[in-house]
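Undergrad: Spelled out from the first residue to the last, the chains are:
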Amino acid sequence: MYVSVQNEFFDFSAEVKKFSESLENVGALVTFTGIVRGQKSKTLDYMFIEHYPGMTEAQIKIIIEDSFKRWKINDALVIHRYGKLEPGEPIMMVATAAQHRKEAFEAAEFLMDYLKSRAPFWKKEVVNGKEHWVEAIAADETALSRWR
Amino acid sequence: MYVSVQNEFFDFSAEVKKFSESLENVGALVTFTGIVRGQKSKTLDYMFIEHYPGMTEAQIKIIIEDSFKRWKINDALVIHRYGKLEPGEPIMMVATAAQHRKEAFEAAEFLMDYLKSRAPFWKKEVVNGKEHWVEAIAADETALSRWR
Amino acid sequence: MIDLIYFSWIRERIGKSGESIETKSSTVFELIDELRQKDTRYFEVFSDLGSFRVAINQELASFDAPLIGAKEIAFFPPMTGG
Amino acid sequence: MIDLIYFSWIRERIGKSGESIETKSSTVFELIDELRQKDTRYFEVFSDLGSFRVAINQELASFDAPLIGAKEIAFFPPMTGG
Numbered sequence: 000m001y002v003s004v005q006n007e008f009f010d011f012s013a014e015v016k017k018f019s020e021s022l023e024n025v026g027a028l029v030t031f032t033g034i035v036r037g038q039k040s041k042t043l044d045y046m047f048i049e050h051y052p053g054m055t056e057a058q059i060k061i062i063i064e065d066s067f068k069r070w071k072i073n074d075a076l077v078i079h080r081y082g083k084l085e086p087g088e089p090i091m092m093v094a095t096a097a098q099h100r101k102e103a104f105e106a107a108e109f110l111m112d113y114l115k116s117r118a119p120f121w122k123k124e125v126v127n128g129k130e131h132w133v134e135a136i137a138a139d140e141t142a143l144s145r146w147r
Numbered sequence: 000m001y002v003s004v005q006n007e008f009f010d011f012s013a014e015v016k017k018f019s020e021s022l023e024n025v026g027a028l029v030t031f032t033g034i035v036r037g038q039k040s041k042t043l044d045y046m047f048i049e050h051y052p053g054m055t056e057a058q059i060k061i062i063i064e065d066s067f068k069r070w071k072i073n074d075a076l077v078i079h080r081y082g083k084l085e086p087g088e089p090i091m092m093v094a095t096a097a098q099h100r101k102e103a104f105e106a107a108e109f110l111m112d113y114l115k116s117r118a119p120f121w122k123k124e125v126v127n128g129k130e131h132w133v134e135a136i137a138a139d140e141t142a143l144s145r146w147r
Numbered sequence: 000m001i002d003l004i005y006f007s008w009i010r011e012r013i014g015k016s017g018e019s020i021e022t023k024s025s026t027v028f029e030l031i032d033e034l035r036q037k038d039t040r041y042f043e044v045f046s047d048l049g050s051f052r053v054a055i056n057q058e059l060a061s062f063d064a065p066l067i068g069a070k071e072i073a074f075f076p077p078m079t080g081g
Numbered sequence: 000m001i002d003l004i005y006f007s008w009i010r011e012r013i014g015k016s017g018e019s020i021e022t023k024s025s026t027v028f029e030l031i032d033e034l035r036q037k038d039t040r041y042f043e044v045f046s047d048l049g050s051f052r053v054a055i056n057q058e059l060a061s062f063d064a065p066l067i068g069a070k071e072i073a074f075f076p077p078m079t080g081g
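Protein chains in written order, with numbering that gives the first Met the number 0: chain A, 0 to 147; chain B, 0 to 147; chain C, 0 to 81; chain D, 0 to 81.
Any given hint could be a false lead.
Said to hold, decoys possible - Some but not every residue of chain A turned toward chain C, in silico, with C-beta under 7 Å: (1) Gly-33; (2) Tyr-45; (3) Glu-49; (4) Gly-53; (5) Lys-115; (6) Ser-116; (7) Ala-118; (8) Pro-119; (9) Phe-120; (10) Trp-132; (11) Val-133.
If you're looking for bench data, these hints aren't it; they were derived computationally from the structure.
As the structure is a computational prediction, the values presented were derived from the model and not from experiment.
The beta carbon of each residue, even a glycine, is placed where N, CA and C say it ideally should be.
Based on the provided sequences and hints, a complete structural model is requested.
TA: Structural data, given as structure tokens:
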């Protein structure tokens, strides 16, 4: 298990390479990378992510432990940034490794759904100089319900 | 769209980096990489993949076009190898880019399900010097049915 | 003494990132009620129970959770990670 | 003349990767029947319709597809890509 909550930029292809090199007897590797969109109609100046130091990393580890119980997966990685992020920059990534594709895909989607609504991060967008907190969307809460 | 059917080894982290650099206004990037497992109980010497030159690439392009119609995705990549592959080597990879994670995940799983059962590849395993053709499994056919 | 921590727009509207308080409240809900009575800012921030979440000692908790053993209580809006 | 192409164990059991034939068959099914009668190897390979697939001009086809316009017909087991 690899968890990092960091302000620093990360190169997701370098991270996935490192992650994959630590694996043995794996048949399927799934990655998800979230990127700051440079929205079209509105012009996003930048994004700012606040988090709850202490709780964040512990919460992510609990979510990963839970995924280990639910699926036969070999390993998982979560990197999540906080602070100021420019359009086009990576926000976070998840990687899962398993023997078979179904497990790797499901575990990655599970981790994403939980990170969206259960890991203590809050996003603020600054658009044309005006800032607003991103509101949680009902669809994310609905997405969680399929794992109950 | 990027499609490559090749014998050569590929570095999936380098491929995903190249793919991601060509994208604009993307919020979600999903990758799947299939790797030759070095099975535990039986010892896999190597894997051999046969394909149908001509049909293979055309078929993969049709599958990707279909995914473009079904989901709002920005771009997709498929690389699939043929020939002799050693345990631990990458067999194939899929990458999908979209604004939102749901679309990127679903399109990637859709492409995988179709590549498993509709792209003209046949796998042969050589175990302890004895070769056998890998049989198609019912679960892969079932996986397809959810996209109808 | 219990440490209260505020995040996101709760922090911004209350005007501070946290504070230490003495309380006789025995549940989260009683504590929220106590905070509401401090002043208008608190009253408005905590008026809609559906708009925020609470964590006790860095674990998500429900509004009827007891405060026994609570050292750090955080209030924040629904998370928007990922 | 139609080119027949064989893959995987079909190629191995028939003992060649393909051949060109003249046929009066009007559907895939009639062609399969014709091939079955060539010799035992063909008869065995094509005995179980559930064990193989067919493509006409590099597109998957059903057993009742007509052969009009067919230049290349491939026989192969269910695919195992990915």
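Undergrad: It remains to establish, for every hint, whether it holds in the given structure.
TA: Verification of the hints:
1. Gly-33: With Cβ-Cβ at 6 Å, under 7 Å, it holds.
2. Tyr-45: Tyr-45/A check fails; min Cβ-Cβ to chain C is 16 Å, beyond 7 Å.
3. Glu-49: holds, 6 Å
4. Gly-53: Holds - the Cβ of Gly-53/A comes within 7 Å of chain C, reaching about 6 Å at its closest.
5. Lys-115: Holds: closest Cβ of chain C sits about 4 Å from Lys-115/A, inside 7 Å.
6. Ser-116: holds, 6 Å
7. Ala-118: holds, 4 Å
8. Pro-119: holds, 6 Å
9. Phe-120: holds, 3 Å
10. Trp-132: Holds - the Cβ of Trp-132/A comes within 7 Å of chain C, reaching about 5 Å at its closest.
11. Val-133: holds, 5 Å
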